[in-house]
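Visitor: In our numbering, the protein residues as written are 1 to 82.
What the hints contain is simulated information worked out from the structure, not anything from laboratory work.
The beta-carbon is built from N, C-alpha and C at its ideal position, and this holds for glycine as well.
One or more of the hints may lead you astray.
Said to hold, decoys possible - Dumping the calculated BS3-like pairs for lysine-lysine here, alpha-carbon to alpha-carbon at most 30 Å:
1. Lys-49 with Lys-65
2. Lys-47 with Lys-65
3. Lys-42 with Lys-65
To be verified - Restraint ranges, calculated between C-beta atoms of paired labels, are given here:
4. Gln-4 with Asp-30: 28 to 34 Å
5. His-5 with Thr-31: 39 to 45 Å
6. Asp-61 with Pro-14: 21 to 27 Å
7. Val-22 with Trp-58: 16 to 22 Å
8. Ile-41 with Glu-11: 17 to 23 Å
9. Glu-11 with Lys-42: 17 to 23 Å
10. Glu-17 with Ile-41: 31 to 37 Å
11. Arg-20 with Ser-40: 15 to 21 Å
12. Glu-11 with Asp-61: 27 to 33 Å
13. Lys-42 with Pro-14: 15 to 21 Å
14. Ser-40 with Gln-4: 18 to 24 Å
15. Glu-18 with Arg-38: 33 to 39 Å
16. Asp-55 with Arg-34: 19 to 25 Å
17. Gln-4 with Leu-45: 17 to 23 Å
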Amino acid sequence: VLGQHFVPSLELPPLDEEGRLVLILESIIDTRERNLRRRSIKEYLVKWKDLPLEDATWESDSVLKHPNLQLLEGKQSWEGRT
1 VLGQHFVPSL ELPPLDEEGR LVLILESIID TRERNLRRRS IKEYLVKWKD
51 LPLEDATWES DSVLKHPNLQ LLEGKQSWEG RT
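Can you make the complete structure from the sequences, with help from the hints?
Guide: Right, dumping it as structure tokens:
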């Protein structure tokens with residue numbers, strides 16, 4: 001069979017009262033440095049709980065420290081360790 005195989009998730013990711021996706025950090029997959037306006041910004045490739053690996057996103061340190069972001073206890077690793 002040619003092409004990629006897709007296995008649908010049986011569970012939907014959690015939503016808040018307004019129907020927005022609730023993102024919970026599961027693990028840090030990778031890190032990188034980017035230059036933005038003469039500043040070096042560290043970014044983290046985040047695997048989100050209940051979402052497939054393909055939906056991992058690059059997030060800055062400031063986004064991960066935002067108080068409204070729910071983090072899993074014990075999973076706050078800023079150097080790629082879980």
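Visitor: Confirm or reject each hint.
Guide: Here is what the structure says about each hint:
The hinted pair formed by Lys-49 and Lys-65 meets the criterion: a straight-line CA distance of about 17 Å does not exceed 30 Å. As the CA atoms of Lys-47 and Lys-65 are separated by approximately 16 Å, the hinted pair is consistent with the 30 Å bound. Annotation: proposed proximity of Lys-42 to Lys-65 holds, straight-line Cα distance about 13 Å (limit 30 Å). The beta-carbon spacing between Gln-4 and Asp-30, approximately 22 Å, falls outside the hinted interval of 28 to 34 Å.
The hinted window of 39 to 45 Å between His-5 and Thr-31 is violated, with their beta carbons roughly 30 Å apart. For Asp-61 and Pro-14, the hinted distance range of 21 to 27 Å is satisfied, since their beta carbons lie about 24 Å from each other. Taken as a hint, the range 16 to 22 Å holds for the pair Val-22 and Trp-58, whose Cβ atoms sit roughly 19 Å apart. With their beta carbons about 34 Å apart, Ile-41 and Glu-11 fall outside the hinted range of 17 to 23 Å.
Checking the proposed 17 to 23 Å range against Glu-11 and Lys-42 shows it is violated: the Cβ atoms sit about 32 Å from each other. Checked against the hint of 31 to 37 Å, the C-beta distance between Glu-17 and Ile-41 comes to roughly 32 Å, which is consistent with it. In this structure, Arg-20 and Ser-40 break the distance hint of 15 to 21 Å, their C-beta atoms being roughly 31 Å apart. In this structure the supplied range 27 to 33 Å holds for Glu-11 paired with Asp-61, their Cβ-Cβ distance being about 30 Å.
Checked against the hint of 15 to 21 Å, the C-beta distance between Lys-42 and Pro-14 comes to roughly 28 Å, which is inconsistent with it. For the hinted restraint 18 to 24 Å between Ser-40 and Gln-4, the CB-CB distance of approximately 36 Å leaves it violated. One distance hint, 33 to 39 Å for the beta-carbon pair Glu-18 and Arg-38, holds here, with the actual separation near 37 Å. Taking the beta carbon of each, Asp-55 and Arg-34 are about 21 Å apart, inside 19 to 25 Å as hinted.
About 20 Å separates the C-beta atoms of Gln-4 and Leu-45, a value consistent with the hinted range of 17 to 23 Å.
Of the hints listed earlier, those the structure fails to meet are numbers 4, 5, 8, 9, 11, 13, 14, in rising order.
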